[in-house]
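Undergrad: Protein chains in written order, with this note's numbering: chain A, 33 to 401; chain B, 33 to 401; chain C, 33 to 401; chain D, 33 to 401.
Bear in mind the hints are in silico, worked out from the structure with no lab data behind them.
Incorrect hints may appear among the rest.
You can't tell identical chains apart in this list, so a pair holds if it fits in one copy or across any two.
Listed next, the in silico EDC-like pairs over lysine to aspartate or glutamate satisfying Cα-Cα at most 16 Å (straight line) [said to hold, decoys possible]: (1) LYS390 <-> ASP106; (2) LYS44 <-> ASP189; (3) LYS44 <-> GLU161; (4) LYS375 <-> ASP140; (5) LYS338 <-> GLU256; (6) LYS338 <-> GLU264; (7) LYS44 <-> GLU82.
Protein chains: 4
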Amino acid sequence: MPAKKKQDITYKSYLGLESLLQSQHPISMTAANAPAHDEMMFIVVHQTYELWFKLVLFEIERVQKILGQKSVKDADMRLVSASLGRSVAIMRLLVGQLDIMETMTPLDFLDFRHVFRSASGFQSLQFRELEMRLGLKKETRACYSGKSYDDFLPAEDRGHLQKLQKKPSLLEQLDSWLSRTPFVEMTGFSFWQAYRKAVGDMIAGDRKTIHADKRMNANARDAEINKLKGMEEQFDLLFDAGKAGEMPWRFSQKALQAALFINLYRDQPALQIPFRILNDLMDLDELLALWRYRHALMAQRMLGMKMGSGGSSGHDYLMQTIGKHRIFSDLFALSTFFIPRSKLPQLPPHVESRMGFKYWDDTGVKKPK
Amino acid sequence: MPAKKKQDITYKSYLGLESLLQSQHPISMTAANAPAHDEMMFIVVHQTYELWFKLVLFEIERVQKILGQKSVKDADMRLVSASLGRSVAIMRLLVGQLDIMETMTPLDFLDFRHVFRSASGFQSLQFRELEMRLGLKKETRACYSGKSYDDFLPAEDRGHLQKLQKKPSLLEQLDSWLSRTPFVEMTGFSFWQAYRKAVGDMIAGDRKTIHADKRMNANARDAEINKLKGMEEQFDLLFDAGKAGEMPWRFSQKALQAALFINLYRDQPALQIPFRILNDLMDLDELLALWRYRHALMAQRMLGMKMGSGGSSGHDYLMQTIGKHRIFSDLFALSTFFIPRSKLPQLPPHVESRMGFKYWDDTGVKKPK
Amino acid sequence: MPAKKKQDITYKSYLGLESLLQSQHPISMTAANAPAHDEMMFIVVHQTYELWFKLVLFEIERVQKILGQKSVKDADMRLVSASLGRSVAIMRLLVGQLDIMETMTPLDFLDFRHVFRSASGFQSLQFRELEMRLGLKKETRACYSGKSYDDFLPAEDRGHLQKLQKKPSLLEQLDSWLSRTPFVEMTGFSFWQAYRKAVGDMIAGDRKTIHADKRMNANARDAEINKLKGMEEQFDLLFDAGKAGEMPWRFSQKALQAALFINLYRDQPALQIPFRILNDLMDLDELLALWRYRHALMAQRMLGMKMGSGGSSGHDYLMQTIGKHRIFSDLFALSTFFIPRSKLPQLPPHVESRMGFKYWDDTGVKKPK
Amino acid sequence: MPAKKKQDITYKSYLGLESLLQSQHPISMTAANAPAHDEMMFIVVHQTYELWFKLVLFEIERVQKILGQKSVKDADMRLVSASLGRSVAIMRLLVGQLDIMETMTPLDFLDFRHVFRSASGFQSLQFRELEMRLGLKKETRACYSGKSYDDFLPAEDRGHLQKLQKKPSLLEQLDSWLSRTPFVEMTGFSFWQAYRKAVGDMIAGDRKTIHADKRMNANARDAEINKLKGMEEQFDLLFDAGKAGEMPWRFSQKALQAALFINLYRDQPALQIPFRILNDLMDLDELLALWRYRHALMAQRMLGMKMGSGGSSGHDYLMQTIGKHRIFSDLFALSTFFIPRSKLPQLPPHVESRMGFKYWDDTGVKKPK
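Sequences are here, hints too, so could you generate the full structure?
TA: What follows is the structure, given as structure tokens:
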């Protein structure tokens, strides 16, 4: 870039403020022959939402580019973590941003609500893209007035999403990446086998303790034994390939195993960053859920039970999405199958040592025990 | 208080820190022969919650004391507003405070979760008292494993709540206070009659417009007319004493009318503070709902689908309360029945003038128009 | 607006997303032949700041339009309060928004910092306009590298601000509005005289108590008496027209008196909203200060002591503005002169009654005592 | 613990609520013969602050225990990061918690301010301990009314702090830990030498560019050359042992070098967690500064320029601490000496490889390039 041009850059030109600050066009018209005062706020709030969505998408794209590789460089994992951390920070801001919207009262909203008729936040292409990139499947989406979400989109947007749908989502990329985790299965070590045994031992031990407890009466004992049975059956949802189908697992078995392994042995140097990444994804999922819920509360406050243009209330639709639109729910469900640290299978030394850094080997540095 | 004693007061003695900072007693015991590290955090988080609940109760008690009077001094309304505003600020903090809890991972939680067996946040007497004081009714409460919430409380706490239940709740006190609002019904003016007429006129006008619109085809016209009918039927839930029963209104009809009046004519000097108070109550209700929801998300993250001691998962119970434990839902539902400001009945001058301040009358101050 | 056009409105067209989402133009170029990743974040953060500034300005303009009138309708005061409340909510968001910026590390910033050379946030016209509208005076502004802030602005922006400077600021409008407060001076009542007497009585009483306290030794007594003298001298800064000049008061004496009156008798119906407005202005002032401080911390973190293009560090400049750019500092200073409620002069009944609502007079409603 | 006892545990007993909720003892007495309403809030706010301080101290103690070892296990670094992350989350909450305090108005505060005479938050032992543990030195502390902070503490607290002062602070432990970083100095590689050369090359390159730029006139060229000289002199503060004394560096030179190295090569697997830890410490430092500043603003709002019992205003003291009580300022200052990534010395392969994980070596896993 020639020096001359650089010097011409001003704050205003760099940020494109000339047009940015002229992009608010309230269209309502009150008796006073002016737009309703609160329409400006309404526009600015939505515009900032869209700008932030653009940034979250930009970060998620980087994550996808890295995790989508056949083999991921360890150095790149910090970038994945940084992009997810930033996305989480933005989503936290966006949840809080609803405070601004709620400075508007329902009566103020009525002053201009009619102007956008069927136009609605429902049509945000970027938000749909975000959900899709993360891994929300079309089949699990809530319907709005019996119609699919993309019936409400202009044709070009629908096309854009259809193309995107053919590409692997972050959830799918994460699945492949997890499935490749070494350590879970190494010469002389099968985590899955070891874990299954540890769970079995734990339950057997508990059963023994219950039977040996002389202070318990028969009823109490039966209740405790029943609880134990329930737990056993629950673990079948994980271990028993036949019953796993009863769980709405989205991850492959291999990925599930690796995710469990990472959670349980997270202190191993090679797992610290992967563990953090799984956590960041759960944060992101939670914040999206929280955003939907605050959104639903706001819709209820603004419109009560007023019908949307399609015939069902915005509040009801949003409440549906809260349950259905979770993406990384496998990661949440996994904690069902954690067992206390004291019962965990111990890692064989040759497995554990491979999860460490290389410098202990050959740099005279003394390794602590 | 004698001067000597005053001088003895130190920061430490004033706040009772000696005992406060000795009140954390972790009881877990790990292999390392020490309590699990995260138990301290768990205790401190819950203790601060309880301290804040104490303060919210203290503020709500002041609100109840004032609003429970047969006649409320205008000067006291600022106190009501201040106490509600503070309660809202505290609830906002408490929602955010879950961030601290979420710095604990499920595996850390497992290290000490077993120690409190059936003890659970479910047994927080203060939170039950708060719900009850605000106006949550026993009948509407969600059950936990088929049992009522008070089956889980010690006898003395149950007794405390039973006594409290006989006293009027804030919702009931608000109902009486609203019902006494002058202006809604004054010589020569009935808001209810005027509003009903305005709604009727609005709908009739819309119907006329639809029929006159030559660009619409028959189908479109039928759809629009049907929407209008739907709206008409919805308004019956407000106006038609017979159909009002279909709505789960908790307010009396008189209170509903006044709440609507206050919302619609909120700019009148005498209504500005009442309007703000209704808003504060909605904020409080929303924040309680949000707190429950974040709580449910956290339970899911910590425990997955692990059963609580009673046999159902904490997450499921909490999700139930979100829908059922709303208190001031009438205030949210009311916005269904707002009509645009331009269609509102105009207040007769003799009604409007009484909502103003007295000083214009007799202090040479020139009143602006 | 013809019905046809209305139906064409989509979410995308209404918000101008086509151009809004194409307005991010990173100009850095790394070795990888692509812009530095974090430049996108940098642009989006600044663009959202500018959008929010536009909204705050829009709200402050409404406040100025109302408060700038010769006589203000009571009904409009709710609008003033709503606009200030919204501005406060936005500023709170903007303080939090720095969290996003701090997801960037200094090394990431270095990747593209050079591209905007002398362009800087310093050139934000809207922020300058906000400071000016609120009432920041040119003389009190901190200099940056010995130059005035407007030396850094393009000519057209400088012109815009010069025109604005000739119009009354919110601080000046507030001064006029406060100065017109009735009640402070009414037939048979002068607040100023009464307050001065109350302060005098309080100090005299304290002096008497000290002298009468036999348990105090001479040294302690002298110390207490000296403190009392200090307090007396401080009150001269308020009461003594000659010494008031020692305080950097920006309000006229009449406005100061009214602001004090409003603070002390805030429970009177006619003062509840004015009191809230003074509080909102203090919130706004505080949040602006907080924003500057977080900004300074961030600059320090990103650049350490690196020089800005003008030769002094951004951190140092920002730290200067924190002290100098406060606007409603008179409102903060006023609390120096509050005396305990129990020592306040009681309002004569004819003054107090005029601060009440009119409806007690002539509606059968029984006034509470 | 015997099973029987476990079953007795209730929510109430576990949290010690019986005494916790009886520990609020307002001592003011208004004309109405009851404590001032806002005193309860004042007590609860301070009690929750102290509870949180206890938790932060507990976390910092864990960090110190780990980092204070002669050799630190890599697995423990996740614990350090978790404890710092939690401390940061708590401090963020504590900054926000001032919102609750600001629901009190100055006049409300005056109702009970006199009761605690010289007792003040200044006497918080835990906060002093926190500052000391982190590494604030006695000499750098701001004085309050010419007295040292410990003149205000009871003798037993002073003793406690004196003992603590003899133990290494976190800052000192961090210094040792950093100083031991391998990689910075390895056979065939000296980071310090390489970095110094890179800086020299960068400056020489810039100088050449300036002289070669024919479009610049003599004045502009001189200015640019001067800037470059300034930069060179600044780097002497880092490289030149003689001039380093001009900087208030608290870290040893070895620690400084390692901190710089970690910042610049943070993507290397072995540096990702150390980098995050340095960042967490900066977050903590920033939040402590922010808390002090909000505290100062609040003091100003509550008391204006009212004197504290010692003769200087709380606001002035707090503003002093903001500048003086920063602890990890070296980490902030370091960014002054970062150079763009493209100019960084490249790490020799034998150094870089040692920062990787061991598993690439001998597990058939194919290492990505």
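Undergrad: Could you run down the list of hints and mark each one as holding or not?
TA: Comparing the hints with the structure gives:
1. Taking the closest pair of Cα atoms, LYS390 and ASP106 come within 16 Å of each other both inside a single copy (13 Å) and across two copies (12 Å).
2. When the C-alpha separation of LYS44 and ASP189 is checked against a cutoff of 16 Å, the pair qualifies only between copies, where the shortest distance is 10 Å, while the shortest distance within a copy is 31 Å.
3. Only between protomers do LYS44 and GLU161 lie at most 16 Å apart by alpha-carbon distance; the minimum there is 15 Å, versus 30 Å within a single protomer.
4. Taking the shortest alpha-carbon separations for LYS375 and ASP140, only the inter-copy value of 13 Å comes in at or below 16 Å, while the best intra-copy value is 59 Å.
5. Only between protomers do LYS338 and GLU256 lie at most 16 Å apart by alpha-carbon distance; the minimum there is 15 Å, versus 50 Å within a single protomer.
6. Only between protomers do LYS338 and GLU264 lie at most 16 Å apart by alpha-carbon distance; the minimum there is 12 Å, versus 48 Å within a single protomer.
7. Proximity of LYS44 to GLU82 under the C-alpha cut-off of 16 Å is restricted to the inter-copy arrangement: shortest distance 10 Å between copies versus 20 Å within a copy.
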